Structures are given as structure tokens and as C-alpha cells.
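Visitor: The primary structure of each chain is shown beneath.
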Amino acid sequence: MSRKIERLINLTIALLATKRYLTKSEIFRSVEGYEGSAETKERMFERDKDDLRSLGIEIEVGSFDPLFNDEAGYRIKQEKYQLDLGAITPTEISLLSLAAQAWQGASFDEAAQKALLKLNSMGVPSDSLSLPTAAHKINDGGGDLPLITKAIAEQQLITFTYVDSQLDRHQRKVVPVGLSSRSGFWYLSGVDQDVQEIRTFRIDRIEGEISATKGPKDFEPPQGFDPARVFDGNPSQSIAIIDVRKGKGTSLRALATSVQSLGEWDQLKLPIYNLNTLASLVLWHGIDVYVQEPLELRDLIVAQLETLVSNHG
Amino acid sequence: MGKNFSAPLERTARLLDLVPYINTHQGIALKDLAAVFEVSNAQMVNDLTTLWMCGLPGYTPLELMDLDFESGYVNISNAPTLAKPRSVTFDEGVALILGLDLLRASIPTDRSDLLEKIDSLSARLSSIINLNSTFSVIAPINQGVSAAIDEALASRSSLEIEYHSMYRDEITQRTIFPIEIIQVEGQHYLSSYCYSATDFRQFKLDRIQKAIVTQESKTIPEDATDTQRINSRLKVLKPTREIAERFSRQDLKAGSEFDFQTYSQQWLERSILSSGDGVALLTPPEIRASIAQMAQSMLDRYKAE
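First to last, the sequence lines map onto chains G and B. Note that our numbering has the first sequence beginning at 1315, numbered continuously upward. Note that our numbering has the second sequence beginning at 52, numbered continuously upward.
Since the hints were derived computationally from the structure, they do not count as laboratory data. In this text the structure is predicted, and so the values were computed from the model without any measurement. Certain hints may be false.
Straight-line distance between alpha carbons at most 35 angstroms, and here's what the computed DSBU-like set of lysine-lysine pairs gives [claimed, not checked]:
hint: 1; chain 1: B; residue 1: K269; chain 2: B; residue 2: K289
hint: 2; chain 1: G; residue 1: K1562; chain 2: B; residue 2: K354
hint: 3; chain 1: G; residue 1: K1528; chain 2: G; residue 2: K1487
hint: 4; chain 1: G; residue 1: K1464; chain 2: B; residue 2: K168
hint: 5; chain 1: B; residue 1: K168; chain 2: G; residue 2: K1562
hint: 6; chain 1: G; residue 1: K1338; chain 2: G; residue 2: K1355
hint: 7; chain 1: G; residue 1: K1583; chain 2: B; residue 2: K354
hint: 8; chain 1: B; residue 1: K286; chain 2: G; residue 2: K1394
hint: 9; chain 1: B; residue 1: K255; chain 2: G; residue 2: K1560
hint: 10; chain 1: G; residue 1: K1562; chain 2: B; residue 2: K269
hint: 11; chain 1: G; residue 1: K1318; chain 2: B; residue 2: K82
hint: 12; chain 1: B; residue 1: K304; chain 2: G; residue 2: K1363
hint: 13; chain 1: G; residue 1: K1464; chain 2: G; residue 2: K1338
hint: 14; chain 1: B; residue 1: K304; chain 2: G; residue 2: K1560
hint: 15; chain 1: G; residue 1: K1487; chain 2: B; residue 2: K289
hint: 16; chain 1: B; residue 1: K289; chain 2: G; residue 2: K1560
hint: 17; chain 1: G; residue 1: K1464; chain 2: B; residue 2: K255
hint: 18; chain 1: G; residue 1: K1583; chain 2: B; residue 2: K289
hint: 19; chain 1: G; residue 1: K1562; chain 2: B; residue 2: K286
hint: 20; chain 1: G; residue 1: K1562; chain 2: B; residue 2: K261
hint: 21; chain 1: B; residue 1: K82; chain 2: G; residue 2: K1583
hint: 22; chain 1: G; residue 1: K1318; chain 2: G; residue 2: K1528
hint: 23; chain 1: G; residue 1: K1391; chain 2: B; residue 2: K82
hint: 24; chain 1: G; residue 1: K1562; chain 2: G; residue 2: K1464
hint: 25; chain 1: G; residue 1: K1487; chain 2: B; residue 2: K354
hint: 26; chain 1: G; residue 1: K1560; chain 2: B; residue 2: K354
Residues of chain B placed beyond 10 angstroms of chain G at every Cβ, according to the derived structure [to be verified]:
hint: 27; residue: S128
hint: 28; residue: R175
hint: 29; residue: T313
Glycine residues also receive a C-beta, built at the ideal position from the N, C-alpha and C atoms.
For reference, chain G alone in the conformation it holds in the complex (with noise of 0.2 angstroms):
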């Protein structure tokens, strides 16, 4: 194993060291460790580049001089090794601490882990005495997130088993463009392969596993998307206008695009997104709450109100 292991931290010096593209013969005749047959050695040295890539090492493949058809030689540039973000401040290391530290206990949290290790290793000592903030917690909700992120970079496709409004099971074909987080929950976006279209899925609605898999070949990634933007709503939906006692309905007054006082009661002007949904909140604050327009939603409410009377009388 050890041999092994110090094989590819030799090779990984040599190739960082060197100037120049080496060959083959000149790694097998200069790195230790590689013995045996002809044969043996350059089953060794294929296997190496393999898992030196798979640690993220780029491995350049390149020839001395393009003119003549020499041999192919290797080497790994220094610059795409090394952790390279420019001229660091101590200010700039704890702020990148803290975002590591956002992780601890979620889905990224070894990655993070890994790269705060990195960060520690560049020698520059950290300030976090200076910032105003303290490490806030990051909350995936079980979310497999570094699938997700990783199928966003590189368009695959997904396909998950999603629990859409009315509890069935529909399995959606999405490649992902957007990973967004609001209070507390997660969404992803992507552009659904059966619509054609931009949806916007909340991840702990999402039942089973997420399969990952290639991706089309013609995707283009929608223009001007910004998945900060996926909660604004559509812009063209219609006004409701709702009356609220003083004091109450906070979570519709959120909402409010604007507030008239009434005395006692306080007109709100708010934008319909979903009447289900509106008619819901709109229920849950009780005798507080009173619509006044539209005819729509009035209508809707006294439905679940005759309803509610008479499942409960």
C-alpha cells in the first residue's frame, strides 16, 4: 500500500517540478517505484494517471517540439495545482471560513471541511474578530445537494418523483439550472424535458432518490435566468382586497402591496399568486380576516366555510 501511495506523491513531484514535458521512459527511468516489466510499468503508470486525475490533479499530455512526432510527455502545471485566489487578505480568509463553516452537519459538510483545511494551509492568518456576523448554519433538509450542483454544472439530466399540490406521484424529467434556498427550504430549478419549460421544484417534496444522467446533447441553458428571482411570482396576476383587523393578519400583511387604514380594520391590497392558496392563509386567521374582492375568492371561501359548518356541527 505505502509503495503504492509513495509512487504517486513521487510522481506527482516529479511532474510538478519539471519544466518540461516528461516522457515515459524518462518517469520510469527517474521516479521510483516503478518496476518490473515493460509491460507491468506501463499498466502502473496508466492506473497512477488515472487516480491522480480522479484527486482532481490535472495532467497535461504534450510533446517537446509539435514539429516532429516525438513521444508524448507529461507534466502538471503549477498554476492549475496550487490553490490560486490572487492576493488574500486575512479579512477575505475568515470570511471564507465562515462560509466552510455554514456546512457543519449538512451535505457539504466534508467538502467545506476539506477546503477549510486548504484555506488554513495558505499561511495567511484570519481576523474573524473584524466581521459583524457569526457563522450561520446551513439546512439542506436531507436534500442530496452535491448531486444537485454537480448535475447543474454539468447539465445532466435528472429525474426524481415528484408530490405535486394534490398528493400524486408524477416522475418529472428536469435538467437542473438553479438551486435556490428561502426560509429554510430548498427549490430547484431546471427546465422540466416534458413542458419545455422553466419549473421550480421544492427539494423535501421530492420522494425516493434523484438519478442523474446524462444530459441532451442540444440543451442551451435558458437566457437571463436568475434563480434569485424564481420566488418574485408572475407579474401579471390579479388584486385581491382584503380587510384586516389592527394588529393581526401579519402574515398577509407581508403580502400587502398596500395598506389603507379603516378604523378598526385595515384595507390590504395583495397580489393573487394561487387563490387555493390565498383562500387557505386567508382561513387560518378566522374572524380576523374578511375578503372583499374578488367575487372569485369570496366564492371559494364560503364553499370551505358551509363545508366546515356542517362537517363539524
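Given the structure of chain G, go ahead and fit chain B onto it with the hints provided.
Guide: Quick look at chain B alone, frame taken from chain G:
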């Protein structure tokens, strides 16, 4: 991520990362180094012994790394090729970028210097890992609140909070003794003893609008216990996702019944009202009557106008 690698590859990665770490922490105690890399002392000695055999081709003492750890303290020299930390992997980069995004939301707007630094770090990391897509994370709670909670939990002090209660629908001032942050259904709650209610309560973090650590020392009264628990039974009429999530049921079938426990009558009443024709409360009868009465008085107003 490391856990996907075979043991020798994971060890190779660790050895490569050890060199720059020791390089910037010369003289670190062997046991501290083992703790940082989350391995046993014996494994760390093994790692250092292996590393000691590595170096530039030639492998004479001149080309080998100089490692000294026999004294129990670790020093390294002659390791210029590996002296700088390795670049970040895709996952490591994404973890930092998402973490920075979260952090951005918690920086006061008058610190544009820090906001610019966060944007610039995020851009530099994106370019290292070739990330074109953007992610968006908004901190679920405001940073002043978060800092006060952290401080109170760390120093075991009480907190004065301003809380928006969803089911009483009012903003209240309370003095609480925070116990821990718990996670239920993807949401964070501060589990606490509430002096105003003289009982244990859970506060949803994103509804705490203000929090101040108090100086006076308070503790939880020894006779504090759970309040009255309400045992209820509900019948599903029209299953919807909203109802499933509200009552934490994985699956709902029309016509099925289930038991539900809560500490708040108000929460239960409002939840049933809000679910409309989706569910009916079967027991307890007094809450059932109260729901019918509330719905009737609301209905009367709609019918009157």
C-alpha cells in the same frame, strides 16, 4: 469527496495536503496535527514516515523532504514543489460559494467593503471550478437575531425576544431560556423555556424578529413540566400536500383517520379552518364545536354583505 475514494487514494490526498499544512504550521504537536486531519497518532506517524521517503527524482538526502517529528513536534523543509495547498475540487468550491451566498445576506448593508469581498471571492472560486451557473441562498434569519441566539446558547444566558406567533397571530415580547436549536421538517426551532408562559416552548427561528441577551442570570424552574397535551383524531376528506405537510403525514388517503397531538388548541383550530373541506376534526368534541362556531360566524358576515 474523500469518502468516495479508496483507502490508498484518500491517504495520497491526505499526504499531499499535509505538506502545505505543516509548512505553514511549523512545530505543530504531532497529536494536534493528527486531530486536524482526523486520524490516530499512529496513523499520522505512518503518514509522516511515508512522506519522509518522498521527494524529487534522485532521492538522495538533497532531494528528499526534510521532516522532523521524533520530538513529538513536526517540522518540514525542502518541500518547495508541494508547499502550496492544492486547488479546490468542484464540491469544495460549491460548498464555499453557497456558504458565501448565505453569508452575504447576513452582512449589514453599510459594510459594502465586505460585500465586495464576498462577490469577488465567489467570482474567483467560480472561475477555479469552471462554474457558470449561479446559486442563490438567502439566510433564513436575520443576523442580529442569530448572533444573539448563538451568544445566549454559548453563555447559558436568557434572551428577550420579540416573536411573531403564527397561530395566535400576534407579536409578543418574551423572556426565554434557550436550550437548543432543533430541526423539524426542514425548519429550525429554538427549543426554550419561556418565562412568560412559565413552560417549555419552541420558537420558529425565522419568526423571532428581535433577540437581546439579558444580563440577569435565570435558570429553568425545577418544577417546570409539559403543559396539557391535546389528543385529537382527524378524518381525511380531500387529501392535499398542504394538509400532509401541516400534520406531518407522509401519505393521506381520502376516508382515512389519524391521531394527532398538539399543545395548542389555537393551532389546531386554525389548521382545520385553513384546511377547509380537506379534513374534519372528529375529537375532542369541544374543539369540534368551537370550529363549527367560528366557521358559522365568518359565514354569517359573508352572507350579510
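Visitor: Would you mind marking each hint as holding or not holding in the structure?
Guide: Against the structure, the hints come out as follows:
1. Distance check on the hinted pair: B:K269 and B:K289 sit about 48 angstroms apart at the alpha-carbon level, beyond 35 angstroms; violated.
2. Taking the CA atoms of G:K1562 and B:K354, the gap is near 23 angstroms; set against the 35 angstroms cutoff, the hint holds.
3. A C-alpha spacing of about 12 angstroms is found between G:K1528 and G:K1487, which places the hinted pair at or below 35 angstroms, so the restraint holds.
4. Between G:K1464 and B:K168, the direct Cα distance comes to roughly 25 angstroms. Compliance with the 35 angstroms bound is thereby established for this hinted pair.
5. Proposed proximity of B:K168 and G:K1562 is contradicted: the alpha carbons are some 41 angstroms apart, above 35 angstroms.
6. Distance check on the hinted pair: G:K1338 and G:K1355 sit about 10 angstroms apart at the alpha-carbon level, within 35 angstroms; holds.
7. For the given pair, G:K1583 sits about 22 angstroms from B:K354 by alpha-carbon distance, which is consistent with the 35 angstroms threshold.
8. Pair hint B:K286 plus G:K1394 does not hold up; C-alpha atoms about 62 angstroms apart against a cutoff of 35 angstroms.
9. With a C-alpha separation of about 23 angstroms, the suggested pairing of B:K255 with G:K1560 holds against the 35 angstroms cut-off.
10. This hinted pair checks out: G:K1562 and B:K269 have alpha carbons roughly 32 angstroms apart, not beyond 35 angstroms.
11. For the hint linking G:K1318 to B:K82, the alpha-carbon distance of about 26 angstroms falls within 35 angstroms, and the restraint holds.
12. The hinted pair formed by B:K304 and G:K1363 fails the criterion: a straight-line CA distance of about 56 angstroms is larger than 35 angstroms.
13. Of the supplied pair hints, the one linking G:K1464 and G:K1338 holds, its CA atoms being roughly 34 angstroms apart against a limit of 35 angstroms.
14. Under the criterion of a C-alpha separation no larger than 35 angstroms, the hint pairing B:K304 with G:K1560 is inconsistent with the structure, at around 39 angstroms.
15. Taking the CA atoms of G:K1487 and B:K289, the gap is near 28 angstroms; set against the 35 angstroms cutoff, the hint holds.
16. Under the criterion of a C-alpha separation no larger than 35 angstroms, the hint pairing B:K289 with G:K1560 is consistent with the structure, at around 33 angstroms.
17. A distance of roughly 32 angstroms separates the Cα atoms of G:K1464 and B:K255; the hinted pair therefore holds under the 35 angstroms criterion.
18. For the hint linking G:K1583 to B:K289, the alpha-carbon distance of about 30 angstroms falls within 35 angstroms, and the restraint holds.
19. Under the criterion of a C-alpha separation no larger than 35 angstroms, the hint pairing G:K1562 with B:K286 is consistent with the structure, at around 30 angstroms.
20. Restraint check for G:K1562 and B:K261: the C-alpha separation of about 19 angstroms stays at or below 35 angstroms, so the hint holds.
21. Under the criterion of a C-alpha separation no larger than 35 angstroms, the hint pairing B:K82 with G:K1583 is inconsistent with the structure, at around 64 angstroms.
22. Between G:K1318 and G:K1528 the alpha-carbon distance is near 33 angstroms, which keeps this suggested pair within the 35 angstroms criterion.
23. For the given pair, G:K1391 sits about 33 angstroms from B:K82 by alpha-carbon distance, which is consistent with the 35 angstroms threshold.
24. Distance check on the hinted pair: G:K1562 and G:K1464 sit about 44 angstroms apart at the alpha-carbon level, beyond 35 angstroms; violated.
25. Our distance criterion of 35 angstroms between C-alpha atoms is broken by G:K1487 and B:K354, whose separation comes to about 47 angstroms.
26. For the hint linking G:K1560 to B:K354, the alpha-carbon distance of about 23 angstroms falls within 35 angstroms, and the restraint holds.
27. B:S128, annotated as away from the interface, keeps every beta carbon of chain G farther than 10 angstroms; the closest lies near 15 angstroms.
28. In this structure B:R175 is not separated from chain G by more than 10 angstroms, as the shortest Cβ-Cβ distance comes to only about 5 angstroms.
29. Distance to chain G confirms B:T313 as a non-interface residue, since its nearest Cβ pair spans about 15 angstroms, more than 10 angstroms.
Hints 1, 5, 8, 12, 14, 21, 24, 25, 28, counting from the list given before, are not met by this structure.
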